[in-house]
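Go by the hints and put chain W onto chain B.
Protein chains in written order, with the numbering used here: chain B, 1 to 196; chain W, 197 to 278.
Keep in mind that the hints were calculated from the coordinates and are not lab data.
No experiment lies behind these values; they were computed from the predicted model shown.
Accuracy of the hints is not assured; some may be wrong.
Here are the simulated distance ranges between beta carbons [to be verified]:
1. W:265 <-> B:43: 18 to 28 Å
2. W:255 <-> B:86: 19 to 29 Å
3. B:64 <-> W:218: 18 to 28 Å
4. B:171 <-> W:200: 36 to 46 Å
5. B:19 <-> W:247: 36 to 46 Å
6. B:64 <-> W:233: 36 to 46 Å
7. W:274 <-> B:195: 25 to 35 Å
Simulated coverage check for chain B against chain W, where a stretch passes if three residues somewhere in it have a Cβ under 8 Å from a Cβ of chain W [stated by the list, open to error]:
8. 34 to 42
9. 56 to 67
10. 78 to 87
11. 162 to 169
12. 181 to 192
By construction, the Cβ of each residue, glycine as well, lies at the ideal position given by its N, Cα and C atoms.
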Amino acid sequence: MSSGRGPDEFDLEALRSGDRAEFARLVDAHYELIYRLAIKMVSDAQDAEDILQETFIKAFRHLQGFDGRSSLSTWLYRIATNEALMFLRRRKPEQYSIDDQLETDEGEIVPVQIVDWCCLPEEELMSAEARLHLDQAVANLPPSLRVVFILRDVQRLSTREVSEVLNLSESAVKTRLSRARLRLREELTRYYGEKV
Amino acid sequence: MGHKQCKNLLGSLSEYIDGDLEAELCAEIERHLAGCEDCRVVVDSLAKTVYLYQTTSDEVSVPEGLRQRLYRCLDLDDYLEK
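Isolated chain B, as found in the complex (with noise of 0.2 Å):
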C-alpha cells in the first residue's frame, strides 16, 4: 500500500516513537549515501560499513531527541561524518581533527607545477590507474578538509548543507574547500603532467 509520501519524506513522529517501519524507510533512502561518504573518508569496505551500522544504531537512539532544526539528511550525515572522523582520529591521533584551526598549519598552497594535462584523453583521465590517484589523493588530505572534499564535491552537498553538518561557518566551508581542491590539482598535476 502506497503511504502517498515521497521516498524523502518521512513521518517524524512515527520515527521518534520508534515505528520501526518507518525507520526502515529511513534506512533505504540513505545507506547507500552514507556508505559512500564513509568510503571516501577511510578508504576500507569494511570499516566503511561498520560507520554505516553505527550511524544507524546511533540515530535510532538518538531519533526521539531529533528536534527537526537540520533535515533528517543533514541530521543523518552529521552522525555518520562524527563517527567517520571519530574512527580517523582512533587510526592516527596525530591528525587533525574538524575543530582545529587550520589557519597556521594548513593554509593555502602555492601552484608549483603549472602543467597543462587536461588536453589529455578522457579514457586516460579516468582510467582504472587514474582512479586509484584520485582515491589516493582523497586519502593524503587532511581530514579536516578531505570531509569539506567529500561532502561538497563528491556527495554534492550545497555549502549551505556541509555548513549545516560540519557546525562551520560558509566561509570557513569555501576556504577548507578551496585548500582541499587546489591540494588534489597538485597531486593530480603530479601525476597526469607525466603522461603529457
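For chain W alone, kept in the frame of chain B given last:
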C-alpha cells in the same frame, strides 16, 4: 605562479570555478587570466580536478549484501523484502 597578484587571486579560484564570486572580483580574475598563462592553466586544471571527482563519484558501488547485513544488524529483517 610567482607574481604577487597570482598568489592573491589563488584563494578565490575555487569560488570562481563554482561561479560563486561577486561580479567585480570575477571581472578582476578574468582580466588577470587574459594576460597570465600560468593562472589559466591552474584554473583549467582546478576545474578539471573537480569535474573528475564529480564524474567518478557517481560510480562508487556498494558491496553485495550490504543492505541485508545492515538490516540484520538493525534488527529490521522483517522489512527486507521491500
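Each hint tested on the structure:
no.	hint	in the structure
1	W:265 <-> B:43: 18 to 28 Å	holds (20 Å)
2	W:255 <-> B:86: 19 to 29 Å	holds (28 Å)
3	B:64 <-> W:218: 18 to 28 Å	violated (44 Å)
4	B:171 <-> W:200: 36 to 46 Å	violated (23 Å)
5	B:19 <-> W:247: 36 to 46 Å	holds (42 Å)
6	B:64 <-> W:233: 36 to 46 Å	violated (59 Å)
7	W:274 <-> B:195: 25 to 35 Å	violated (53 Å)
8	34 to 42	holds (count 4)
9	56 to 67	holds (count 3)
10	78 to 87	violated (count 0)
11	162 to 169	violated (count 0)
12	181 to 192	holds (count 6)
Violated hints, in rising order: 3, 4, 6, 7, 10, 11; the structure is consistent with all others.
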